[in-house]
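The lines below spell out each chain.
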Amino acid sequence: MGNNKDQLLRDIGIVGFVLTDLSLYLDTHPFDRNAMEYFNHYNRIKHQMEKEFSMKYFPLTINMAESNKEWRWGMAPLPWEGECG
Amino acid sequence: MWNYEKRLEFPVNIKEPNAKLAQVIISQYGGPDGEMGASMRYLSQRYSMPDRNVAGLLTDIGTEELAHLEMVATIVHQLTRNLSMEEIEKSGFAPYYVDHTVGVWPQAASGFPFTAAQFQVTGDPVTDLTEDLAAEQKARTTYDNILRLIKEPDVCEPIKFLRAREIVHFQRFGEALRMTQDKLDGKNFYAFNPAFDRCKDCDDKPDCGCNN
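So the protein sequences, as listed, match chains A and B. Each residue of the first sequence is one higher than the last, beginning at 313 in my numbering. Each residue of the second sequence is one higher than the last, beginning at 7 in my numbering.
Since the hints were made in silico from the structure, they are not lab data. The reader is advised that the hints may include incorrect statements.
[As the list claims (entries may be wrong)] With a Cα cut of at most 30 Å, we get these calculated DSS-like pairs of lysine-lysine: (1) A:Lys317 - B:Lys166; (2) B:Lys21 - A:Lys381; (3) A:Lys317 - B:Lys12; (4) B:Lys96 - A:Lys317; (5) B:Lys12 - A:Lys368; (6) A:Lys317 - B:Lys193; (7) B:Lys157 - A:Lys368; (8) A:Lys358 - B:Lys166; (9) A:Lys363 - B:Lys157.
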């Protein structure tokens, strides 16, 4: 279980990085259609992965933090804790 | 406004505390070419950019610098948590410890506190973008200097990632400077400050590139 969680978080990090880098590229190449297609594709994948991660583990963003019994956003681990914390 | 993601831009998982490394790496938190200065510089300069795409780029790079600030803080935090008193005394960490325990405070490696005097906002787009190009190279040099001081792979990997991002940002700022100059007078980019002056062509050419 622990491994699946770390693997999914790693994958979200990889796709997230693709989007960060692409968004800067698109800021200076606003008419590059191939880059936009690439962006749209990975943006959808990231959204899907974040939804899955939020349902199984904890919300990574506030818009995935809907809660009933306990405030899931507040209970979530913080990124600086690290795996060995 | 901003949204927060509860993850780092690049993973940081440091196993062994090491106060010596923390003392040099903290310079990229609050030092003269660190991530705090970088993010504040770009997020403050963006208001006087006449080109909307360039102002957007400064917003996005300034935002990524905040993610880098968090990575550097995480490295410092993980290098200093679980330090023994003996390690604090042996590693020369005592002067920092006496003021901040093992909290993360923005300072240069020399102990000099973070200050806005480390960057400029001139309100002149060509000048500010030229400073941004230099800022990315200065940060890259600092990361190169840090990499000569460390061998530990769990510290090196995130530092190498941050170093590579400086080079990408430099590339994007070069494009942003060109985009800004493309809308200025090609014979004299310095004829007027497009964020302040009213240019000669304003009245007969609405697309003259100035802000008025």
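Violated hints, by number in ascending order, as checked against the structure: Hints 2, 4, 6, 7, 9 not satisfied by this model.
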